[in-house]
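*Asks:* Listed here are the chains, written in short residue letters.
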Amino acid sequence: MTTLLIAEHNSSTLSSATLCGLTAAQAIGNDIHVLVVGKNVESVADEAASLAGVAKVLCANADVYEYALAEPMGDLVVHLAANYSHIIAPSNSESKDFMPRVSALLDVGQVSDICAVLSAEQFKRPIYAGNAIATVTALDATKVITVRASSFDKNIKQNDQKCPVETIDFVAESVLSSWQSDDITESTRPDLSSASRIVSGGRGVGSGENFALVEALADKLGAAVGASRAAVDAGFVSNDLQVGQTGKIVAPDLYMAFGISGAIQHLAGMKDSKVIVAVNKDEDAPIFQVADYGLVGDLFAVLPEMTSKL
Amino acid sequence: MKILVGVKRVIDYNVKVRVKADQSNVDLTNVKMAMNPFCEIAVEEAVRLKEAGVASEVIVMSVGTTQSQEQLRNALALGADRAIWVEAESDIEPLNVAKAFAAVVEKEQPGLVILGKQSIDSDNNQMGQMLAALIKCPQGTFASRLVIDGDKALVTREIDGGLRTVVLTLPAIVTTDLRLNEPRYAKLPDIMKAKRKPLDTLSLADLGVTPKAHYRLDKVEAPSTRSAGIKVASVDELISKLKDEAKVI
Chain A
1 MTTLLIAEHN SSTLSSATLC GLTAAQAIGN DIHVLVVGKN VESVADEAAS LAGVAKVLCA
61 NADVYEYALA EPMGDLVVHL AANYSHIIAP SNSESKDFMP RVSALLDVGQ VSDICAVLSA
121 EQFKRPIYAG NAIATVTALD ATKVITVRAS SFDKNIKQND QKCPVETIDF VAESVLSSWQ
181 SDDITESTRP DLSSASRIVS GGRGVGSGEN FALVEALADK LGAAVGASRA AVDAGFVSND
241 LQVGQTGKIV APDLYMAFGI SGAIQHLAGM KDSKVIVAVN KDEDAPIFQV ADYGLVGDLF
301 AVLPEMTSKL
Chain B
1 MKILVGVKRV IDYNVKVRVK ADQSNVDLTN VKMAMNPFCE IAVEEAVRLK EAGVASEVIV
61 MSVGTTQSQE QLRNALALGA DRAIWVEAES DIEPLNVAKA FAAVVEKEQP GLVILGKQSI
121 DSDNNQMGQM LAALIKCPQG TFASRLVIDG DKALVTREID GGLRTVVLTL PAIVTTDLRL
181 NEPRYAKLPD IMKAKRKPLD TLSLADLGVT PKAHYRLDKV EAPSTRSAGI KVASVDELIS
241 KLKDEAKVI
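Protein chains in written order, with my numbering: chain A, 1 to 310; chain B, 1 to 249.
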């Protein structure tokens with residue numbers, strides 16, 4: 001019984017979500033192979049080879065994998081699938097794209113976004129925007145699973161001795177779709193999904209310009225900037241900053257919510273944060289029901305004061 | 001070009017979900033149900049493509065219980081031309097739904113299938129991708145922009161860190177993200193007209209699909225709740241709490 005963990009990386013380093021995925025893979029209890037796919041990803045494969053608990057790294061390096069398009073990714077994983085009882089990947093925009101393809105091509109179900117491993121077959125996963133937690137048993141011989149990174153530990157030890165790296169020569173034919181362009185948000189701040197501190201703004205921030213106040217506090221704290229769906233829909237910030245059921249699921253040490261009322265979809269994305277701070281004018285805002293520290297007040301006064309006093 | 005759109009009947013997104021006392025599932029008795037919000041976006045996009053002259057016919061399809069016909073009538077009122085209802089249990093698994101859609105795609109030969117990226121009940125985010133694999137089609141998931149250009153679809157996808165545009169050769173599957181469009185409301189005359197639009201009923205057997213169980217639901221429980229903390233009176237108090245008590249700054 002062996003588990004195949006598909007790594008998330010940016011072509012130079014592994015993401016912390018991959019380490020969380022490895023923790024989940026270890027809980028399943030099999031030997032673990034890590035698959036690194038992309039173009040010029042030898043250094044990532046080398047990094048994966050030093051992680052504790054990894055028995056072998058598979059490296060598929062080809063032009064066709066550069067943008068991790070679903071069709072070639074799916075074909076590659078299906079090509080390797082016969083050797084594995086579990087195929088797992090951290091939940092991210094790539095794995096959400098190709099893992100269900102893998103499931104369908106193998107004619108098995110997929111267990112999405114697990115938040116706990118109870119056994120090699122039984123898992124917990126949030127449903128209804130995290131308002132209920134389902135325990136499910138996967139019945140297929142091959143288990144295809146995506147992992148909610150924020151629910152698993154990212155502290156993986158490094159081994160002194162590296163495990164072997166095997167090159168995968170299989171090159172998927174990609175004729176169905178092609179990459180045209182990327183419009184990646186440039187930011188010097190920490191990545192939202194792995195940041196240890198997040199300062200988020202909601203509709204109450206009022207405008208895109210006012211978000212500078214949120215950013216100033218975030219910069220003072222070395223935090224990532226997040227937003228509620230209301231702030232994104234109103235056009236204050238770009239949609240990749242959205243925290244919530246359909247945005248990013250985060251679990252930082254500190255989550256500060258300014259002008260966010262706390263819709264259940266937003267809470268679903270941040271309620272696993274260790275410490276939650278809410279600042280809102282409305283003392284009845286639902287966010288106060290989950291906040292460790294609440295401050296009823298005007299964010300336009302509180303934000304600058306906090307920024308100057310820290 | 002025909003467009004096939006999937007719609008799913010789910011709990012209304014404003015309703016607070018409660019777990020049954022015996023933890024067998026969530027309690028849906030007397031709960032307001034509605035079209036999955038991502039499916040509304042899918043219907044809207046298809047109707048706009050028809051209004052723009054790109055699509056010739058919009059077919060909506062739902063795989064679910066008898067009551068799913070309400071959501072199909074709703075989609076017809078929003079501008080779809082005809083509906084296909086495939087009778088199934090309410091908790092039918094995504095792969096079985098994908099197989100039913102694959103059979104209808106085979107029969108109807110649409111140029112484009114538009115589906116919601118996920119349903120807000122099971123939160124699986126699988127069906128569109130599974131369908132694309134089954135019918136060997138390209139997929140553009142989590143679309144925030146869709147442009148049809150001849151036999152190609154340009155899909156701008158929401159990815160971690162920004163946006164990505166991919167080019168798909170039609171026929172293709174597109175799944176919708178929140179920002180693709182703002183769905184319209186159905187007008188009363190259109191609701192009346194929708195009652196006369198054709199709605200075909202099929203069974204899974206008609207489509208040659210034998211539903212298979214890939215997982216078993218063992219238990220559904222309420223998540224661990226956070227208890228509300230304390231209210232602080234000032235910024236100074238907040239800072240000192242974060243420094244000395246929580247030790248997070």
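Just so you know, the hints here were simulated from the structure itself, not pulled from any lab data.
The beta-carbon is built from N, C-alpha and C at its ideal position, and this holds for glycine as well.
The reader is advised that the hints may include incorrect statements.
To give an idea of the interface, some chain B residues facing chain A are shown, with a C-beta separation under 7 Å as derived from the structure [said to hold, decoys possible]:
{"hint": "1", "residue": "A21"}
{"hint": "2", "residue": "S122"}
{"hint": "3", "residue": "A133"}
{"hint": "4", "residue": "P138"}
{"hint": "5", "residue": "I159"}
{"hint": "6", "residue": "G161"}
{"hint": "7", "residue": "V167"}
{"hint": "8", "residue": "L170"}
{"hint": "9", "residue": "K219"}
{"hint": "10", "residue": "E221"}
{"hint": "11", "residue": "P223"}
{"hint": "12", "residue": "V235"}
Label pairs and their computed distance ranges (CB to CB) [what the hints assert, rightly or not]:
{"hint": "13", "chain 1": "A", "residue 1": "A301", "chain 2": "B", "residue 2": "R226", "range": "39 to 47 Å"}
{"hint": "14", "chain 1": "A", "residue 1": "G222", "chain 2": "B", "residue 2": "K195", "range": "53 to 61 Å"}
{"hint": "15", "chain 1": "A", "residue 1": "K154", "chain 2": "B", "residue 2": "G53", "range": "34 to 42 Å"}
{"hint": "16", "chain 1": "B", "residue 1": "L188", "chain 2": "A", "residue 2": "M1", "range": "28 to 36 Å"}
{"hint": "17", "chain 1": "A", "residue 1": "N10", "chain 2": "B", "residue 2": "K20", "range": "37 to 45 Å"}
{"hint": "18", "chain 1": "B", "residue 1": "A21", "chain 2": "A", "residue 2": "S119", "range": "24 to 32 Å"}
{"hint": "19", "chain 1": "A", "residue 1": "A301", "chain 2": "B", "residue 2": "D22", "range": "27 to 35 Å"}
{"hint": "20", "chain 1": "A", "residue 1": "N10", "chain 2": "B", "residue 2": "R226", "range": "28 to 36 Å"}
{"hint": "21", "chain 1": "B", "residue 1": "A21", "chain 2": "A", "residue 2": "D284", "range": "44 to 52 Å"}
{"hint": "22", "chain 1": "A", "residue 1": "S178", "chain 2": "B", "residue 2": "A52", "range": "22 to 30 Å"}
{"hint": "23", "chain 1": "B", "residue 1": "P223", "chain 2": "A", "residue 2": "S11", "range": "33 to 41 Å"}
{"hint": "24", "chain 1": "B", "residue 1": "E106", "chain 2": "A", "residue 2": "G222", "range": "50 to 58 Å"}
{"hint": "25", "chain 1": "A", "residue 1": "D31", "chain 2": "B", "residue 2": "A52", "range": "25 to 33 Å"}
{"hint": "26", "chain 1": "B", "residue 1": "K219", "chain 2": "A", "residue 2": "N30", "range": "22 to 30 Å"}
No more than 25 Å apart at the CA atoms, straight line, and that leaves these computed lysine-lysine pairs for BS3-like [to be verified]:
{"hint": "27", "chain 1": "B", "residue 1": "K20", "chain 2": "A", "residue 2": "K271"}
{"hint": "28", "chain 1": "A", "residue 1": "K220", "chain 2": "B", "residue 2": "K16"}
{"hint": "29", "chain 1": "A", "residue 1": "K220", "chain 2": "B", "residue 2": "K231"}
{"hint": "30", "chain 1": "A", "residue 1": "K271", "chain 2": "B", "residue 2": "K231"}
{"hint": "31", "chain 1": "A", "residue 1": "K281", "chain 2": "B", "residue 2": "K20"}
{"hint": "32", "chain 1": "B", "residue 1": "K231", "chain 2": "A", "residue 2": "K309"}
{"hint": "33", "chain 1": "A", "residue 1": "K274", "chain 2": "B", "residue 2": "K247"}
{"hint": "34", "chain 1": "B", "residue 1": "K247", "chain 2": "A", "residue 2": "K271"}
{"hint": "35", "chain 1": "B", "residue 1": "K247", "chain 2": "A", "residue 2": "K309"}
{"hint": "36", "chain 1": "A", "residue 1": "K124", "chain 2": "B", "residue 2": "K16"}
{"hint": "37", "chain 1": "A", "residue 1": "K281", "chain 2": "B", "residue 2": "K16"}
{"hint": "38", "chain 1": "B", "residue 1": "K247", "chain 2": "A", "residue 2": "K220"}
{"hint": "39", "chain 1": "B", "residue 1": "K243", "chain 2": "A", "residue 2": "K281"}
{"hint": "40", "chain 1": "A", "residue 1": "K124", "chain 2": "B", "residue 2": "K219"}
*Asks:* If a hint holds in the structure, say so; if it does not, say that too.
*Replies:* A quick look at each hint next to the structure:
no. : hint                           : in the structure
1   : A21                            : violated (13 Å)
2   : S122                           : holds (6 Å)
3   : A133                           : holds (4 Å)
4   : P138                           : holds (4 Å)
5   : I159                           : holds (4 Å)
6   : G161                           : holds (5 Å)
7   : V167                           : holds (5 Å)
8   : L170                           : violated (11 Å)
9   : K219                           : holds (4 Å)
10  : E221                           : holds (5 Å)
11  : P223                           : holds (5 Å)
12  : V235                           : holds (5 Å)
13  : A301/A with R226/B: 39 to 47 Å : violated (27 Å)
14  : G222/A with K195/B: 53 to 61 Å : holds (59 Å)
15  : K154/A with G53/B: 34 to 42 Å  : violated (51 Å)
16  : L188/B with M1/A: 28 to 36 Å   : violated (60 Å)
17  : N10/A with K20/B: 37 to 45 Å   : holds (44 Å)
18  : A21/B with S119/A: 24 to 32 Å  : holds (26 Å)
19  : A301/A with D22/B: 27 to 35 Å  : violated (50 Å)
20  : N10/A with R226/B: 28 to 36 Å  : holds (33 Å)
21  : A21/B with D284/A: 44 to 52 Å  : violated (29 Å)
22  : S178/A with A52/B: 22 to 30 Å  : holds (24 Å)
23  : P223/B with S11/A: 33 to 41 Å  : holds (36 Å)
24  : E106/B with G222/A: 50 to 58 Å : holds (54 Å)
25  : D31/A with A52/B: 25 to 33 Å   : violated (54 Å)
26  : K219/B with N30/A: 22 to 30 Å  : holds (24 Å)
27  : K20/B with K271/A              : holds (22 Å)
28  : K220/A with K16/B              : violated (37 Å)
29  : K220/A with K231/B             : holds (23 Å)
30  : K271/A with K231/B             : holds (18 Å)
31  : K281/A with K20/B              : violated (35 Å)
32  : K231/B with K309/A             : holds (19 Å)
33  : K274/A with K247/B             : holds (11 Å)
34  : K247/B with K271/A             : holds (19 Å)
35  : K247/B with K309/A             : holds (16 Å)
36  : K124/A with K16/B              : holds (21 Å)
37  : K281/A with K16/B              : holds (24 Å)
38  : K247/B with K220/A             : holds (16 Å)
39  : K243/B with K281/A             : holds (24 Å)
40  : K124/A with K219/B             : holds (9 Å)
When each numbered hint is compared with the structure, violations occur for hints 1, 8, 13, 15, 16, 19, 21, 25, 28 and 31.
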